[in-house]
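Residue numbers for the sequence shown follow full-length UniProt numbering, so the first one is 1 and each next one is one higher.
Everything labelled a hint here was simulated from the structure, so no lab data went into it.
Every residue, glycine too, gets a C-beta built ideally from N, C-alpha and C.
Each hint should be verified, as a subset may be incorrect.
[As the list claims (entries may be wrong)] FRET-style restraints, in silico, Cβ to Cβ: (1) A82 x S202: 44 to 52 Å; (2) S105 x D29: 30 to 38 Å; (3) C84 x L203: 21 to 29 Å.
[Said to hold, decoys possible] Derived SDA-like pairs: lysine to any residue, alpha-carbon spacing no greater than 25 Å straight-line: (4) K25 x Q38; (5) K170 x I198; (6) K35 x Y58.
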Amino acid sequence: MKYGIFIFILFTLLSCQHKVKQLHKQGMDYILQEKYEQAIPLFSKAIQTDKDWLPAYYNRAICYANTKQYPEALKDFNYILANCPAQAEAYFNRGIVYENLGLYSNAIKDYSRAIQCQPDLITAYHYRGIARFYMKDYDGALSDYNQAMNLGLSETGLYFNRGVILQIKKNYKAAIRDYSQAIQIDPSNPKLFYNRAIAKMSLNQMEEALKDLEIAARLGYEKAEETIHIYFK
1 MKYGIFIFIL
11 FTLLSCQHKV
21 KQLHKQGMDY
31 ILQEKYEQAI
41 PLFSKAIQTD
51 KDWLPAYYNR
61 AICYANTKQY
71 PEALKDFNYI
81 LANCPAQAEA
91 YFNRGIVYEN
101 LGLYSNAIKD
111 YSRAIQCQPD
121 LITAYHYRGI
131 ARFYMKDYDG
141 ALSDYNQAMN
151 LGLSETGLYF
161 NRGVILQIKK
171 NYKAAIRDYS
181 QAIQIDPSNP
191 KLFYNRAIAK
201 MSLNQMEEAL
211 KDLEIAARLG
221 YEKAEETIHI
231 YFK
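Build the full structure now, drawing on both the sequences and the hints.
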């Protein structure tokens, strides 16, 4: 009799696991299509079937974050980290949620924990730098941007963000180099040309600055047109 009960329970557990994985796969298919709202109920059903299935919590949190349901995302990330405290990606993504809520100090702590768990999580350095920038810790932000670059990260946002810090610190030549590097990666971004123009104006390179402002204006950046009108007409 006991043997039969064991077999029945085992069969039920296997059936539940199959259902959970099926629901999870359907949810992931929606995530790949960026249909986050449709994915959420599937992950919720997976959790109802097996409350210990952490991947469902993680991916539901991602869906909540992408639909700006930040309190719900935090609950799921908190649950994951309570049960699996060495999850670098969960710390990283919870940090993004905190940053979107303007809780920069909390975000910095989570990015730091993510780096402790996984030192090669390069993007965490970049995002921690952004949070430090908003906290006006410019030296800390610059250090993080430099570290991200040293580890091999090369993207428009990183060069732009470091350029902004360098411009604040009045290192205009270095800022121009970073904006130029960002422009090579994304030549259709008008803000890059605009910021480079402002840095050039700070060095009294007015002719070169005007060229950048004209490009930014052609790319649809209204602030560039306003600056041309104020300083060059």
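ask   = Would the pair K25 and Q38 pass a check requiring their Cα atoms to be no farther apart than 25 Å?
value = At roughly 13 Å apart (the allowed maximum being 25 Å), Q38 and K25 satisfy the hint.
ask   = K35 and Y58: Cα distance at most 25 Å?
value = At roughly 16 Å apart (the allowed maximum being 25 Å), Y58 and K35 satisfy the hint.
ask   = Is the gap between the beta carbons of A82 and S202 within 44 to 52 Å?
value = 49 Å, holds
ask   = Cβ-Cβ distance between S105 and D29: within 30 to 38 Å?
value = 37 Å, holds
key: Restraint check for K170 with I198, where alpha carbons must lie at most 25 Å apart   = 11 Å, holds
inquiry  = The hint says 21 to 29 Å between C84 and L203; measuring C-beta to C-beta, is that right?
reply    = 51 Å, violated
Violated hint: 3 only; the structure is consistent with all others.
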